[in-house]
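Novice: Residues per chain, in single letters:
Protein chains: 2
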Amino acid sequence: MPDPASASDKDMNILFIMYDQLRFDYLSCAGHPHLDTPNFDRVAARGVRFTNAYVQSPICGASRMSFYTGRYTSSHGAQWNGFPLRVGEQTLGDHLRRIGMDCWLLGKTHMKADAEGMARLGLSPDSEIGARQAECGFDSWIRDDGLWGEGPDGFYDEKRSPYNEYLKSKGYPSENPWSDFANAGIDENGDIASGWMFKNADKPANIREEDSETPWLTQRAIEFIDQAKGRWCAHVSFIKPHWPYIVPAPYHAMYGANHVPQAVRSDVEREDPQPVYGAYMENKIAQAFQREDVRQKVIPAYMGLIKQCDDQLGVLLDHLEATGRMDSTMIVLTSDHGDYLGDHWLGEKDLFHDPSVKIPMIIYDPRGEADATRGTTCDVLVESIDLAATFVEFAGGRVPDHIIEGRSLLPWLEGRTPEWRDFAISEYDYSATPQAVKLGVEPRDARLFMVFDGRFKLIHAEGGFRPMLFDLQEDPQEFHDLAKGTAHAAEIDRLYGYLAQWGRRLSQRVTRSEDDIKTMRGRSGRKGILPFLVDGSEVPEELTEKIRGTAPKRYVGG
Amino acid sequence: MPDPASASDKDMNILFIMYDQLRFDYLSCAGHPHLDTPNFDRVAARGVRFTNAYVQSPICGASRMSFYTGRYTSSHGAQWNGFPLRVGEQTLGDHLRRIGMDCWLLGKTHMKADAEGMARLGLSPDSEIGARQAECGFDSWIRDDGLWGEGPDGFYDEKRSPYNEYLKSKGYPSENPWSDFANAGIDENGDIASGWMFKNADKPANIREEDSETPWLTQRAIEFIDQAKGRWCAHVSFIKPHWPYIVPAPYHAMYGANHVPQAVRSDVEREDPQPVYGAYMENKIAQAFQREDVRQKVIPAYMGLIKQCDDQLGVLLDHLEATGRMDSTMIVLTSDHGDYLGDHWLGEKDLFHDPSVKIPMIIYDPRGEADATRGTTCDVLVESIDLAATFVEFAGGRVPDHIIEGRSLLPWLEGRTPEWRDFAISEYDYSATPQAVKLGVEPRDARLFMVFDGRFKLIHAEGGFRPMLFDLQEDPQEFHDLAKGTAHAAEIDRLYGYLAQWGRRLSQRVTRSEDDIKTMRGRSGRKGILPFLVDGSEVPEELTEKIRGTAPKRYVGG
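Chains A and B supply the protein sequences, listed in that same order. Residue 497 in full-length UniProt numbering sits at position 497 of the first sequence; the count goes up by one each step and never skips. Residue 424 in full-length UniProt numbering sits at position 424 of the second sequence; the count goes up by one each step and never skips.
If you are wondering where the hints come from, they were derived from the structure by calculation, not from laboratory data. One or more of the hints may lead you astray.
[What the hints assert, rightly or not] Here are the simulated lysine to any residue pairs, SDA-like style, with alpha carbons at most 25 Å apart:
hint	chain 1	residue 1	chain 2	residue 2
1	A	Lys159	A	Ser174
2	B	Lys112	A	Arg526
3	B	Lys284	A	Pro540
4	A	Lys229	A	Ala249
5	A	Lys438	B	His319
6	A	Lys199	B	Glu150
7	B	Lys168	B	Asp187
8	B	Lys284	B	Asp157
9	A	Lys159	B	Lys307
10	A	Lys518	A	Asp401
11	B	Lys112	B	Asp187
12	A	Lys546	B	Glu545
13	A	Lys527	B	Gln262
14	A	Lys307	A	Ala253
15	B	Lys229	B	Lys168
16	B	Lys170	A	Gly549
17	B	Lys553	A	Asp401
18	B	Lys307	A	Arg526
19	A	Lys484	A	Asp272
20	A	Lys199	B	Glu545
21	A	Lys199	B	Asp379
22	B	Lys546	A	Pro152
23	B	Lys199	B	Trp141
24	A	Lys438	B	Gly117
25	A	Lys527	B	Glu541
26	B	Lys518	A	Glu150
27	A	Lys307	A	Ala249
28	A	Lys438	B	Asn81
29	B	Lys170	B	Lys199
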């Protein structure tokens, strides 16, 4: 039923913008010392910036499936990149279309279709239902996952690349211009200098800036918005600032070594590290980011990519303003996870230190109800699954809380203070990684869980490894693993209690809502199920009328 | 891949016989003092009787969905009667057909189709795929759930009843002969004496014995077996000895008050009972079974129903022997849960005392590998979900342990002693019951969990109620709730640790097997994903060949 404080009666839309691997703290509104992002700040100034937002998993695919289903990774099951989302799992598209809002995809999802499950149910990928199943519930305006790497075993992503086709149409002479131009420079010999190699990160990508990935998708978004009819949610999902770390001119030259923050790491972290953390510290990307020369080449490129994202966000915002859409469009800016960039001796994401698991989360809500909170920050514990609930409520629906495990953020946007969660959960499944091989862990045991209560962060590891504990109040840099000692046993027990409570959560009773169940209560008696009658006097006559019948023929003696 | 010790290369079949609400201890092989069940004993003498077998939920629907999926109720989500099994959830039928064994249903499943989910995926119930989805993965030979009660709001079960149609074809003059004849006697005035009323339990059902439910389904089973081609699993699922408690002559007169065991109950149980238990003790059926006159009328009828089941089992076994099928047919005898019959001041099932949650589990394995264990008992902790795994392995398949959570019992049948579980879990969702209303519990909090380690049984209740603890070694009758005191805090903590471990289990990663994941390990590098290269020297040249390319046209200065 529509919520009066919702957008149901207006023609409100949702622009759900996701960046890939954007750290929470690489924005000027989040306090970055050198990076100026006036357009992110512009949305923050008109909305709310949530300063404690966490992803359900610090890895693209699993995290995105949680954004799109509103469910924890252990609930939807697509717990790592390339693990298909099981057929029938409901998504934003299912929930929003049910209440009259279209749900479109532009860009990346990292969704892998459950081809086996679809075949088992006879769903053709060509059918509308099959196509939505294969695209994570979205109608696909243009999908490009933006990772067109190719090796001896072929392409990482075997789908077609609309972006590569665009580049070819623009005359870039290559079978894979994404690899040869958009993500490569030119070396001193005039040869391709691949963006996969950090030594090339300071070179300009050999592509016209307007043809690079971020402007390309921004233009597709503008085209979508200009033609869109009815109420829509558009997931505009950029691949950048995700690696390969290389950016076209002029962004390649905007930042230098003098803008690279010191790595947040301490020798104490390398003393007898928890084994899974230790294995990650020794992997190739961690070893690369432990080199200062690498950080000084890569981070300026990463900053340049973010600066380009900010400029293109400006283009999009200007277009919304010019076309009078700012008062009818909710704008969300977030990311699927962060990037260690050498912090904690690590590269990439994967683990649960804030640079990896904490994300930017800025929401502009155009409704008058949200005027009171414009330009403020909110430090409650937000989980990425909260967006699905927020969108459903914003679109005028009632959150199906037997399916969506997140909670609507609208109350916070309206300046109210609802009862809220005591802890946030994040999970990481490293079963397919070299670290699992190195540690000799079976796939089912290669799983990590984070429990964060706003101050203490516990990391539990299956497979018999010890946990980790950080006190972010006393040790905001997360250097000191308090689980090594015994002094914090009580905190560890308390957080394990939260994890156990979460483990008992109701996550699969998805075919009956709380209201359905309340309606069922006691109904069976009125449908003739009376297993408690001694002589019938226990219940009103109407319940037994049908079983009293009339005089029957006698079939047996007795 | 086929297991040499399996039936894959022979023409082995599975006869999976389930009784409804049959207590584990109402068989002579299980030590019942008055009930003689030579045919159950006959299977036990040729197979293994598992003496510690537990259902995943002591309620028909949820328990059966666990038998059929091999998954805990919190994993498949159909946690109570009438909660549909979500579309796409895999069942025995999916797993067995995949390895060349048909999977047929004869009788009751209590399955409710996920009509909304099927519609969402465009599955027609008329299609083969749709029909299997609607029948819990079985091909339906004949389905009859055997509860044709009718009240002011209509029938409890709105499907057609093949059994009622059979009775009508036999000339029983009624629109609902199940209610008016099969489950009713005749009173002193010649009127219908409904089996719903316990006062009528000692009357003979007004039906020819051969037309009553158990013989009727037994004949359908024989018809099925005689025509079956190829390898099959047949789920022959009887409604009896489930209520209504009334049985045709001569069974109605075989047992009397002198054969009724004393109720296993103690006044100490009524002193400050755990609140959920307390609410159940006060419900209508409990109050009825607290009356000795009710027990003395109902239990002889219940015993008569079991005796009839045993005689009909004899008919079926004789037919298998006469047709030479005993050496090619695995026979399983079990039940979906027990029946309190007044024990612990309760009627029906629902809670976790042994009379409710423990089941008979007798398995005859015709293979020579099982000769060593014939006529033995096995006291390891068995869960009902183990049957699905057992059947897949018996049929020559490899158990898909990323989907099926149970474990194959074949090693035990072969006299081996595999590493085994430390605890059994059972769950009960009472969200739709009057007890939840009485206790003022929201649907999501009306859930109970049992953890049993073979000696201590912990019952955890969501919703803030205190737990219960029983020591079955010191208190086999489960009278003394040790959670009331503080003396057993350590045991309670230990069992809560098991529950927490279970809560973190891997249950939804169903689209990737353990082997799939091992195959994925490290593969992305060979598909062009190289986010760790400083200069390329880190990896063999073949990995970087595709990104080195050839001299490109210069698009931008740098």
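Novice: Taking the hints in turn, state whether each one holds.
Specialist: Verification of the hints:
Straight-line distance between C-alpha atoms of Lys159(A) and Ser174(A) comes to about 17 Å, which keeps the hinted pair within the 25 Å bound. Among the hinted pairs, Lys112(B) with Arg526(A) is consistent with the structure: their alpha-carbon atoms are about 19 Å apart, no more than 25 Å. A distance of roughly 14 Å separates the Cα atoms of Lys284(B) and Pro540(A); the hinted pair therefore holds under the 25 Å criterion. Annotation: proposed proximity of Lys229(A) to Ala249(A) is violated, straight-line Cα distance about 37 Å (limit 25 Å).
Between Lys438(A) and His319(B) the alpha-carbon distance is near 57 Å, which puts this suggested pair outside the 25 Å criterion. Between Lys199(A) and Glu150(B), the direct Cα distance comes to roughly 78 Å. Violation of the 25 Å bound is thereby established for this hinted pair. A distance of roughly 22 Å separates the Cα atoms of Lys168(B) and Asp187(B); the hinted pair therefore holds under the 25 Å criterion. In summary, the hint linking Lys284(B) to Asp157(B) is supported, as the alpha carbons are separated by about 22 Å, within the 25 Å threshold.
Restraint check for Lys159(A) and Lys307(B): not satisfied, since their Cα atoms lie roughly 63 Å apart, outside the 25 Å limit. At roughly 14 Å between alpha-carbon atoms, Lys518(A) and Asp401(A) fall within 25 Å of each other, so this suggested pair holds. Our distance criterion of 25 Å between C-alpha atoms is broken by Lys112(B) and Asp187(B), whose separation comes to about 36 Å. Pair hint Lys546(A) plus Glu545(B) does not hold up; C-alpha atoms about 81 Å apart against a cutoff of 25 Å.
Using a Cα cut-off of 25 Å, the hinted pair Lys527(A) and Gln262(B) is violated, with the two alpha carbons roughly 33 Å apart. Restraint check for Lys307(A) and Ala253(A): satisfied, since their Cα atoms lie roughly 11 Å apart, inside the 25 Å limit. For the proposed pair Lys229(B) and Lys168(B), the alpha carbon gap of about 31 Å is over 25 Å, so the pair is violated. Proximity of Lys170(B) to Gly549(A) is assessed by CA-CA distance (about 19 Å); at most 25 Å being required, the pair is judged to hold.
In summary, the hint linking Lys553(B) to Asp401(A) is not supported, as the alpha carbons are separated by about 55 Å, beyond the 25 Å threshold. Pair hint Lys307(B) plus Arg526(A) does not hold up; C-alpha atoms about 32 Å apart against a cutoff of 25 Å. With a C-alpha separation of about 9 Å, the suggested pair Lys484(A) and Asp272(A) falls inside the 25 Å cut-off, and the hint holds. Only pairs whose Cα atoms come within 25 Å are accepted, and Lys199(A) paired with Glu545(B) is accepted, the gap being roughly 17 Å.
Between Lys199(A) and Asp379(B) the alpha-carbon distance is near 65 Å, which puts this suggested pair outside the 25 Å criterion. Between Lys546(B) and Pro152(A) the CA atoms are separated by roughly 8 Å; this keeps the pair inside 25 Å, and the hint holds. The straight-line distance between the Cα atoms of Lys199(B) and Trp141(B) is roughly 36 Å, outside the 25 Å bound, and the hint therefore fails. Between the alpha carbons of Lys438(A) and Gly117(B) the distance comes to roughly 42 Å, so the proposed pair goes past 25 Å and is violated.
With a C-alpha separation of about 73 Å, the suggested pair Lys527(A) and Glu541(B) falls outside the 25 Å cut-off, and the hint is violated. Distance hint between Lys518(B) and Glu150(A) is fulfilled; the C-alpha atoms sit about 21 Å from each other, no more than 25 Å. Of the supplied pair hints, the one linking Lys307(A) and Ala249(A) holds, its CA atoms being roughly 12 Å apart against a limit of 25 Å. Between Lys438(A) and Asn81(B), the direct Cα distance comes to roughly 46 Å. Violation of the 25 Å bound is thereby established for this hinted pair.
A distance of roughly 28 Å separates the Cα atoms of Lys170(B) and Lys199(B); the hinted pair therefore is violated under the 25 Å criterion.
Hints 4, 5, 6, 9, 11, 12, 13, 15, 17, 18, 21, 23, 24, 25, 28, 29 from the list above are not met by this structure, while the remaining hints are.
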